[in-house]
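Residue numbers (this note's numbering), protein chains in the order written: chain A, 1 to 306; chain B, 1 to 162.
No lab work stands behind these hints: they were computed from the structure.
Since the structure is predicted, the reported quantities are computational estimates derived from the model, not experimental observations.
The beta carbon of each residue, even a glycine, is placed where N, CA and C say it ideally should be.
Wrong hints could be hidden among the right ones.
[What the hints assert, rightly or not] Taking lysine to aspartate or glutamate and the EDC-like style, the derived pairs with C-alpha atoms no more than 20 Å apart in a straight line are:
hint, chain 1, residue 1, chain 2, residue 2
1, A, K303, A, E293
2, A, K291, B, E157
3, B, K86, A, D61
4, A, K164, A, E193
5, B, K148, A, E293
6, B, K38, B, E145
7, B, K122, A, E88
[What the hints assert, rightly or not] According to the in silico footprint, chain A covers these stretches of chain B (three or more CB under 8 Å from chain A):
hint, region
8, 31–43
9, 48–61
If you want the building blocks of each chain, they are given just below.
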Amino acid sequence: MRSSRVRSIVLTSGAVALSMFLMTCSTVQEQIGTITGGKVTSSDVETATKVTKAVRNSFADITEEEEYYIGRAVSAMILSRYPVYKNEALTQYVNYVGNATAIHSDRPETYAGYHFLILDTEEVNAMAAPGGFIFITKGLLKRCRNEEMLGCILAHEVGHVTAKHGLQSIKKSRLIDAFTIIGQEAVKRYGPEKLAKLTDIFEEVLGDIAEKLIERGYDRKYEYEADKLSVQIANHTGYDVNGLLDFLDTMVDDTSTESGKGWFKTHPSAKDRMGRAEKEISSLASAPSEKTERTDRFQNAMKSLN
Amino acid sequence: MNKSSRLKGILIGVAILFVAVLLAENLIVKVQTTSVRKEPKFYSPAVATLVAGETITQISAQAGWFKVKTSKGVEGWIHSSAVQSKSFTLAAIDKSLKTQATAEEVALAGKGFNKQVEEEYKSRNKELSFAEVDRMLRIIVKTEELRKFLENGKLGEFGGPR
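Input sequences plus hints: build the corresponding full structure.
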């Protein structure tokens, strides 16, 4: 009697464990079904299970902390090329506008949050390093006529961060090399040889990003995607998304001495972008308009810009 | 109570616990520091502060936010971008088969491109302005200030009907 009771307990426990396992499988199957929108075979589930337990192999597997350290180093490169514009009040204002857009994006939290800095140059440019380090030049700020324009420009940069365009610029082979070294080392601190190798790859990774971000510009498709995200984020924040068009319009016929540098060199033509942005804007269900409260505080904050 | 029914009780208890542990969706904090908030809004007051690697239990989900319970039993809301689901992989059982680590393992161990790699990189590139980067990181927008900025500028939920 006693042994049969124990047996039934063991069987019950086994059944519970089995049902949990089956439930996990069916959940995986359901989720894949949702993603693919179709029927899923058992071999699909097997593949998916292999993938979920697979090791790191793409930019998407870079951890938040790693992205932060990459972003820090890219920012250090930017800040060794351009001086910081020392204007605490205006910098704080830019951070308010930037963070207002960031919390209305799909990725409001990054490893160390979003931080915005003004670069002391007449060059017209804005750059976003991985992890949420965002830079806007004095020259670009001077082009902004209201908070709507500034909000749309910063939302474009936040878009680059949320879509991880910087990380996507890293050559895949470098990541595979790095992931292999990182995975093999069991200890928390690296030995001198591994550290040297990993730092070599880190430098190459930064080179890949800097080449795109600072020298040549991101691929066109990323700029178009960031414009699309700018429209969505700015609209969600409550800014008039025509701010993006207004800004692009000021860039179309630019003949200033700064043409050919910064933004002009690293971004696709403003006219081309305007057409695409207009299409994106026309698809919005509703769009907020410019508010005097915002324009007043913008003008107030910009008084100190020289 | 005889011995076998006590054994049965213990086994059922263990089974229930096992099920409960598997059913509860565990989340790991993946950002340096974040807050569990009273309401699902960024400018809602914080009820707990968490750091990278801490595990919390998900209670429910709503438009990008998770209602969670911390290890100290505090309940509140956390944004989904601050956490990742704790994965349960069979691969972890046979570690000898693995030559690489998963993103989660790397994150938890603080490995990968980390402070140590940055220090080595800095020593090779002394001209770079990491001090300016640290200053940039000290520019903080406080929760209450952000709320006022949104409210005064009629942004976000303060924008009213469109």
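Outcome of the hint check:
{"no.": "1", "hint": "A/K303 with A/E293", "result": "holds (16 Å)"}
{"no.": "2", "hint": "A/K291 with B/E157", "result": "holds (15 Å)"}
{"no.": "3", "hint": "B/K86 with A/D61", "result": "holds (15 Å)"}
{"no.": "4", "hint": "A/K164 with A/E193", "result": "violated (30 Å)"}
{"no.": "5", "hint": "B/K148 with A/E293", "result": "holds (13 Å)"}
{"no.": "6", "hint": "B/K38 with B/E145", "result": "holds (17 Å)"}
{"no.": "7", "hint": "B/K122 with A/E88", "result": "violated (27 Å)"}
{"no.": "8", "hint": "31–43", "result": "holds (count 4)"}
{"no.": "9", "hint": "48–61", "result": "violated (count 1)"}
Hint check: violations occur at hints 4, 7 and 9; the rest are consistent with the structure.
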